[in-house]
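> Chains C and X, in that order, are what the protein sequence lines are. Counted from 1, the first sequence has number 326 at position 135 by this note's numbering; the numbering is strictly sequential. Counted from 1, the second sequence has number 398 at position 207 by this note's numbering; the numbering is strictly sequential.
Do not rely on the hints blindly, as some may be mistaken.
As the list claims (entries may be wrong) - Short, incomplete list of chain C residues facing chain X, as computed with Cβ under 7 angstroms:
id	residue
1	D260
2	V264
3	G279
4	A280
5	S288
6	F293
7	A299
8	A300
9	A306
10	E307
11	P320
12	P329
13	R331
14	K355
15	G436
16	A480
By construction, these hints were calculated from the structure, which means they are not laboratory data. Built from N, CA and C at the ideal position, the CB exists for glycine as well.
Number of protein chains: 2
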Amino acid sequence: MTFTPLGPVPATYPVPHGAEQGGVVVSRVTLQTIADRVGVSRMTVSNAFSRPDQLSAEMRRTILAAAADLGYVGPDPSARALARGTTGAVGVLLTESVGTAFLDPMAAAFFGAVAEELAPTGMAVVLLPSTGSEGTIPARDIPMDGALVYGCAGDYPAVDWLVKRKLPLVFVDGDPVEGASSVLLDERHGSRLGAQHLLDLGHRRIAILTMSKDATPRWAPDAASISSNFVARERQAGWVETLAGAGVTPIVMGVHDNVEPDVSEGARALLAGPDRPTAVLCFSDLMAAAVVHAAENAGLRVPEDLSVVGFDDSPLSRRLRPALTTVHQDFDAKGKAAAAALTSSISRFRAGVAPAPEQHRIPVDLVVRDSTAPPPST
Amino acid sequence: MTFTPLGPVPATYPVPHGAEQGGVVVSRVTLQTIADRVGVSRMTVSNAFSRPDQLSAEMRRTILAAAADLGYVGPDPSARALARGTTGAVGVLLTESVGTAFLDPMAAAFFGAVAEELAPTGMAVVLLPSTGSEGTIPARDIPMDGALVYGCAGDYPAVDWLVKRKLPLVFVDGDPVEGASSVLLDERHGSRLGAQHLLDLGHRRIAILTMSKDATPRWAPDAASISSNFVARERQAGWVETLAGAGVTPIVMGVHDNVEPDVSEGARALLAGPDRPTAVLCFSDLMAAAVVHAAENAGLRVPEDLSVVGFDDSPLSRRLRPALTTVHQDFDAKGKAAAAALTSSISRFRAGVAPAPEQHRIPVDLVVRDSTAPPPST
DNA sequence: CGGTTCTTCTGTACCGATAAAGTAACCCCG
DNA sequence: CGGGGTTACTTTATCGGTACAGAAGAACCG
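Modelling step: build the complete structure from the supplied sequences, incorporating the hints.
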């Protein structure tokens, strides 16, 4: 085998497309550069990096050495993405601004589980800001092989782009689009358990603290003002159904975002209102924590004067004093299921096989701790 | 203006590269397809999408209509990335497995802040699993315009790939490589404040609960076993320095990951050990919470029997009973600074200007709440 | 009315790779 | 010694765009 001797390399700062840099034009190192240097075809160099079984070990060593010498890192990811038709990344779309989504510990934990589960496949997760500006729309413009839609109402514009791109999609905690896979919690069952628990303890004056469409906390007696969010709707249905079965009509308070300070304000408003409840069913542990806090400030004891039920069983709920009675969800299982559904959907797509939507439903259960008790005996 | 009439479109499921699908070959819709249909050059169609000012409004409408009719969503992101040399995504590299990183509320909040800050520029954030398998290494293979390196030791292999790629980089909470920007907390000052606070209260038997290299909690009297992590090193230095100034030698306990259940085990071990301290300086609020919990279980009152100082001032610290004395850090400012440094670095790079590393140092301060008091008077 | 400047489109030349088919040399074997 | 099967490369044909330098005609201007 013959190849030209390896010379030194200009050590100038390379810029995209070999543009000018400090007066010196640096041509970027590509497969061809290496091919020329070693005296083989470009394809052989490509194979040295991407398909080692296609060439002799010796030639591969030679090529890799030349590449290292030239400061070549590996095939350009963008070019490879175009040529191969895959990018090695999947998107995650969030309804809320990405910032607030990460303030929700359950959401964060979910992403972690997804990313973790995806890591062995070598896929990275892209967070898609729903609201790109400057004319760029991430859901439309970012290269990706598929996407997870987390907690989004189906009518969301960004969801539309993803659908139009015909990307493999998995909907998590939200209404799925027809023909796509979904991973949902058994929300309604969970909220039924919570409501039944309070009824069993003897409570009759029960409040609900949940998500609403409005920007500021407000009384939300009507279904219309409940958040159009799938999760909020399902939980609401479970609570109202169960309470109605016992002839109880709940007081409903809605807040806009499941983050501080919204939840605290909502909790305060709820307890300050007329006809104070003896128990509160909360949309999340975060809200439950806020209610406990507000109760403390109002001189109420939990659970003696006020029972509080959370939702999620986040790490927070165990740390809190009193430890929170809450509905447990397995975010790890949720993340795993979502990641698995997505990868299977992507491989079907690549193989040119028709999509086969999967519907996963993650079970939940009630964890009774110290924040609930029978109502005061007044 | 003339153009051919618009006909119907085959409604078959398109696959990458116009591959075969159920026996029918569907050629993918590209700029050329639209150009042919409308009777203009491909370039004009490209301009209709990417540079509206380059053609008449009327022509643009016509083209967009034809595109919509053909089910064309927009220029293919991968192809565009190759041609333009930019991808619209920036990476975030984490030392830990991505999963555990998201269990740390401060880390999650930081990403949120970054993503939020980046959203207006239309950039998406890619989470890079440090350990891709199957021969793919995300740090090397994912298309991106720059990256944030979060809390990574400088000798990390994935960091190496990023450096070799000559991507614009910003190092956050970790040793920066030469020539790159960095965003760091004033860690040492923070830990000094915490230590001084305990000394001022009169404590002399003080323990440190921090990160170590070992997989299981253990006594870590020597500097060598402290985590090689920049943050751990800096905080340790601040604590030890300050305590040494008062002639106090701390008891040091190290845990491997800043997540449950590691921290709980470490806390338990610390309090169960000989010569129990009257105060503990913790690496994080999470650890502080674990110490408070462990103290409770051991029948100790906080702060009467044991003072606890956290680090981070996470939302948790305010909720906890007793509310935590801790070192406040502004993760929002950190995220904003990191995002800003990265975008500026990227635009320099694009312009072909030499990099101008920025060094940001985010201030911290001590927040005294209810978890610290003078030592028991025994 | 000739010259300059817009506006609006077109042509050419990449961007940096991969897939699939083709070719030449070699090896084994009856 | 000719045919089938490997191995090790090379050739050819894309992948789907964008940048930039024209070109042709309309508009402006003193």
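> Holds or violated: is there a CB of chain X closer than 7 angstroms to the CB of C:A299?
The hint holds - C:A299 has a Cβ within 7 angstroms of chain X, the shortest such distance being about 4 angstroms.
> Close enough to count: is the Cβ of C:S288 nearer than 7 angstroms to one in chain X?
holds (6 angstroms)
> Against chain X, is C:G436 within 7 angstroms by beta-carbon distance?
Violated - the Cβ of C:G436 stays beyond 7 angstroms from chain X, reaching only about 34 angstroms at its closest.
> Once the shortest beta carbon distance from C:R331 to chain X is found, is it less than 7 angstroms?
Holds, about 5 angstroms.
> Given C:A280 was flagged as interface, is its beta-carbon under 7 angstroms from a beta-carbon of chain X?
Interface hint status for C:A280: holds (6 angstroms vs cutoff 7 angstroms).
> Does C:G279 hold up as a contact with chain X if the rule is Cβ-Cβ below 7 angstroms?
holds (6 angstroms)
> Can we keep the C:V264 interface hint, with Cβ of chain X closer than 7 angstroms?
The hint holds - C:V264 has a Cβ within 7 angstroms of chain X, the shortest such distance being about 5 angstroms.
> Given C:P329 was flagged as interface, is its beta-carbon under 7 angstroms from a beta-carbon of chain X?
Nearest chain X Cβ about 5 angstroms off; hint holds.
> For the restraint on C:A306, tell me whether the closest CB of chain X is nearer than 7 angstroms.
Given a least distance of 4 angstroms, the restraint on C:A306 holds.
> For the hint on C:A480, does the least C-beta distance to chain X fall short of 7 angstroms?
At 6 angstroms from the nearest chain X Cβ, C:A480 passes the 7 angstroms test, so the hint holds.
> Is the interface hint satisfied for C:E307? The criterion is a beta-carbon contact with chain X at less than 7 angstroms.
This interface hint holds because 3 angstroms falls under the 7 angstroms limit.
> Can we keep the C:A300 interface hint, with Cβ of chain X closer than 7 angstroms?
Hint holds; C:A300 Cβ to chain X Cβ min 6 angstroms, cut 7 angstroms.
This entry does not satisfy hints 1 and 15, going by the numbered hints stated previously.
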